[in-house]
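A.B. asks: Anchor point for the sequence shown: position 402 equals 407 in our numbering, and the numbering is continuous, going up by one each time.
Simulated from the structure, these hints should not be mistaken for laboratory data. The structure displayed is predicted, hence computed values, not measured ones. Check each hint, because a few of them may be wrong.
[To be verified] Derived DSS-like pairs: lysine-lysine, alpha-carbon spacing no greater than 30 Å straight-line:
no.	residue 1	residue 2
1	Lys91	Lys186
2	Lys184	Lys167
3	Lys167	Lys91
4	Lys167	Lys156
5	Lys107	Lys263
6	Lys99	Lys64
7	Lys99	Lys191
8	Lys99	Lys167
9	Lys226	Lys184
10	Lys186	Lys156
11	Lys249	Lys226
12	Lys226	Lys191
13	Lys91	Lys64
14	Lys186	Lys226
15	Lys226	Lys182
16	Lys64	Lys263
17	Lys263	Lys156
18	Lys199	Lys186
19	Lys199	Lys98
20	Lys167	Lys182
21	Lys91	Lys199
22	Lys249	Lys263
23	Lys99	Lys184
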Amino acid sequence: MTIKHSFTTAFWGLKMQKSRSLLTILGIVIGITSIILIMSLGKGAQNLILSQIQSIGPKTIAIVPGREPKGPSDIIGTLTNSLRQKDVDALQKKENVPHLAKIMPIVFGSETAAFENETYRPTIFGVTNFFADIYDMRPDQGRLFQEEEIKGAASAVIIGSKVKEELFGQNEALEEKIKIKGRNFKVIGILPGKGQFSFLNFDEAVVIPYTTAQQYVFGIKYFHRLVIEADEEANVEKTVQDIKNTLRNSHDIADSSKDDFFVETQAEALETVSVIANILTLFLGAVAAISLLVGGIGIMNIMLVSVTERTKEIGLRKAIGATEKDIMVQFLLEAVILTAFGGVIGIILGAGFSFLASLIISAALSVEWVFELPLLAVILGLGVSAFVGLTFGIYPARQASLKSPIESLRYE
C-alpha cells in the first residue's frame, strides 16, 4: 500500500468519527496552547526587561551592599548597612577611581504622603539629579533639584504622575506642600507618566534628595545602593576593579571572599536576567507540557476503543489483502494526524492569546510590551504534538495489526 493511500485511509477513518476525533485532540490543543502562550509571554517579558536595562547605559555600574546572592535565600544578605558616606568620599578621589565620571547614592523605602485630606503611600527614592540621566526621567512640569538643595537636605520633592493624581486630582500640584513623616515638602516637579520601568515605577514614586531621605524620612546613615558612571565604556572593567579595591581598603577587607558588597555592570545584569528568564520560561513550559502527557494517554485510550469498534473493518481489509504493516501504518497515521492537527490549532490559539495578552499588559501596565512568537515555540509545538501521536499511537496500532481476519469478520 502506498503512503498516499495510507493517508487517505487514515483521513477517512477519522472523518467517520468527527466528534470523537475533536474531543480526542482537546488535551493536545490545551497543552500546545499553554506552551506557546508561556514561551511567547516569557520572550516578551525578557525583551522588555533587557531593553530597559540596556537603556540605562553600558557605562553604568551599581554597587550593592552585602554579599552577592547565589540564590533566592541569599537576597536577605543584601539588606546590610555596609555602604556609607566615607565610601562615597573614597570613590570620588581621582587617585582611587580615575575613570569615575558620576556617582549617586540611593536610599529608598515606602512612607505615607498626605495633602489636606488625601493620603497615598508611594515609594520614596532618595537620589541626586543623576537619576534623570540614568532612567531618562525628567519632570514635564517644574524642575530638578538644585545642588544646594541636595547638599542642604532641602524639603523639596518631585512626584510621579500617579502620586499627583491621588493627592491633587485635577488641581495644580507645583509649589504645593505635601506632608511625609510629619514634615512639609514642597513640590518642585512632576514626572510624566511612563509606567513600569524594569523593577521601578516612577509614576508611583516621590523623588527627594538622598540627604533629605536619610536625615528626615528614614533616619539612616547608610545607602541602599551606589550608582556610578564610568567616563568611557572601554573603561568599565578597569573602573569595576578600582571600585572593589577602594571599598576593600575602606572596609579593611584583605580577603575578597569576605567582601560585604558586590558590583554589577549592565552587561552582567543582562546576562543574569537572560538566564533567569530562560530558566523560568522552560520550567513553566515543562509544567504546561504535563497536559500533553494527559492528552497522549487520552489519544491512546480512544484509539484502543476505536480498534475494538472497527474490528470488522480490520478483518475485511485483511481479507482483501491488507498486511499487518498496512493496518499498523493506518492506525498510527490516524494518531499522528490527530495530534498534528491539534498542534496546529494549539499554535494558532496560543499565538492569538499571546497577542491579546500583550495588548492587555501594555495597556494595564503602561509599558511597551512587544508581541513575539518565537520560532522555537512553533517548531516545538508541532514536533511535540507529532511525537506524542507517534508514541501513544504505536500500541493501539500494533493491537489492530495483530487481529485475526477470521475472528474480526465474525466479531459482533
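A.B. asks: All hints, please: hold or fail.
C.D. replies: Against the structure, the hints come out as follows:
1. Lys91 / Lys186: holds, 27 Å
2. Lys184 / Lys167: holds, 17 Å
3. Lys167 / Lys91: Not OK: Lys167 and Lys91 at ~36 Å, beyond 30 Å, violated.
4. Lys167 / Lys156: holds, 28 Å
5. Lys107 / Lys263: Holds, at about 27 Å.
6. Lys99 / Lys64: holds, 17 Å
7. Lys99 / Lys191: violated, 36 Å
8. Lys99 / Lys167: Given pair Lys99, Lys167 is violated - Cα atoms ~41 Å apart, limit 30 Å.
9. Lys226 / Lys184: Holds - the C-alpha atoms of Lys184 and Lys226 are around 22 Å apart, at most 30 Å.
10. Lys186 / Lys156: Between Lys186 and Lys156 the Cα gap is close to 20 Å, so the pair holds against 30 Å.
11. Lys249 / Lys226: With Cα atoms ~21 Å apart, Lys249 and Lys226 stay inside 30 Å; holds.
12. Lys226 / Lys191: The given pair, whose Cα atoms are some 23 Å apart, holds under the 30 Å limit.
13. Lys91 / Lys64: holds, 23 Å
14. Lys186 / Lys226: The hint holds at about 17 Å.
15. Lys226 / Lys182: Roughly 26 Å between the alpha carbons, so the hint for Lys226 and Lys182 holds.
16. Lys64 / Lys263: holds, 26 Å
17. Lys263 / Lys156: violated, 33 Å
18. Lys199 / Lys186: holds, 27 Å
19. Lys199 / Lys98: violated, 36 Å
20. Lys167 / Lys182: It holds: about 16 Å lies between the C-alpha atoms, which stays within 30 Å.
21. Lys91 / Lys199: With a Cα-Cα distance of about 35 Å, the restraint between Lys91 and Lys199 is violated, given a limit of 30 Å.
22. Lys249 / Lys263: holds, 12 Å
23. Lys99 / Lys184: Roughly 40 Å separates the two Cα atoms, so the pair is violated.
In this structure, the earlier hints numbered 3, 7, 8, 17, 19, 21 and 23 are contradicted, and the remaining ones agree with it.
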